[in-house]
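Start from the sequences and build out the full structure, keeping to the hints where you can.
All residue numbers for the sequence shown refer to the UniProt record's numbering, where the first residue is 1 and numbers rise by one.
In case anyone wonders, no lab produced these hints; they're calculated from the structure. Take these hints with a grain of salt, some might be off.
[Said to hold, decoys possible] Simulated restraints on C-beta separations:
{"no.": "1", "residue 1": "R13", "residue 2": "G235", "range": "29 to 37 Å"}
{"no.": "2", "residue 1": "T211", "residue 2": "S162", "range": "18 to 26 Å"}
{"no.": "3", "residue 1": "T137", "residue 2": "A172", "range": "16 to 24 Å"}
{"no.": "4", "residue 1": "A72", "residue 2": "E2", "range": "35 to 43 Å"}
For glycine and all other residues, C-beta sits at the position ideal for the given N, C-alpha and C.
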Amino acid sequence: MEITTEQVSSYQRDGVLVLRGAFTDWVERLRDGFEQNLAQPGPFAIENVRDGERGRFFEDYCNWQRIEPFDAFIRQSPAAAIAGQIMQSQAVQVFHEHILVKEPGTAKPTPWHQDLPYYCMDGLQTASYWIPLDPVTQANTLRVVAGSHRWPRLVRPKRWASNENFYGGDDAFMEMPDVEDGSHTILQPELEPGDAVVFDFRTVHGAAGNTGTGRRRAFSARFLGDDVRFMERPGRTSPPFPGINQQTGERMREDWFPVVWRATQS
1 MEITTEQVSS YQRDGVLVLR GAFTDWVERL RDGFEQNLAQ PGPFAIENVR
51 DGERGRFFED YCNWQRIEPF DAFIRQSPAA AIAGQIMQSQ AVQVFHEHIL
101 VKEPGTAKPT PWHQDLPYYC MDGLQTASYW IPLDPVTQAN TLRVVAGSHR
151 WPRLVRPKRW ASNENFYGGD DAFMEMPDVE DGSHTILQPE LEPGDAVVFD
201 FRTVHGAAGN TGTGRRRAFS ARFLGDDVRF MERPGRTSPP FPGINQQTGE
251 RMREDWFPVV WRATQS
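Structure (structure tokens):
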């Protein structure tokens with residue numbers, strides 16, 4: 001897929017880009033990967049719906065090295081090359097993949113948040129894909145606050161189930177403003193399987209529940225650019241990456257986060 005200079009500028013300005021039909025050829029393979037992942041969840045799998053709540057909201061991540069369709073997508077699809085271009089990076093490392101499944105009748109929303117505060121890294125050159133494997137409407141699609149990647153401070157991360165501070169009393173973050181007060185531009189695209197929303201790790205996003213009659217499966221793949229460095233956070237990150245053994249300011253170790261694209265390949 002050819003990326004235009006206008007798309008690069010749009011990503012840099014808005015922190016988000018919608019790509020139509022970019023991964024249509026990968027939908028069935030990723031669906032197979034989902035079935036493998038659901039049959040054998042990894043150690044970080046999360047069930048977000050509590051007893052007494054309707055539906056199922058399942059998440060899992062960091063399984064790409066054991067689930068072949070996910071590994072193939074990361075290494076063989078155009079995702080890394082597109083990420084390198086829109087991040088304006090000379091090289092791209094994979095960070096991790098993430099699957100999200102909201103079954104029909106699930107009222108549980110995905111709250112507004114930024115991804116970066118949860119992660120053990122920092123940097124301006126980042127790209128996260130959200131690729132639906134089922135048709136999504138404006139009622140259950142990803143919602144993204146354009147330009148929020150340029151806010152001067154990161155938003156305080158919260159635990160989704162309890163709304164408690166993720167890192168206890170740390171005061172390095174600001175509280176989430178009311179992004180639905182009419183002063184922010186919210187993208188809420190209808191999408192077909194194989195379309196993609198790609199956004200900066202600092203871009204605020206969320207989603208409603210899935211109160212319709214069909215499943216809502218979404219695959220995320222997350223990539224790092226040249227300026228990304230390890231960042232020690234004041235608590236357990238998500239993903240936690242136990243045993244990573246890195247210091248703040250170091251480049252992310254390539255044996256854990258391989259380089260999957262270089263500009264010389266384009």
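A quick look at each hint next to the structure:
1. R13 / G235: 29 to 37 Å: For G235 against R13, whose Cβ atoms are near 33 Å apart, the range 29 to 37 Å holds.
2. T211 / S162: 18 to 26 Å: holds, 23 Å
3. T137 / A172: 16 to 24 Å: The hint (16 to 24 Å, Cβ to Cβ) is violated, given that T137 and A172 are roughly 37 Å apart.
4. A72 / E2: 35 to 43 Å: Since the Cβ atoms of A72 and E2 sit about 22 Å apart, the hinted range of 35 to 43 Å is violated.
Checked against the numbered hints above, the structure breaks hints 3 and 4 and satisfies the rest.
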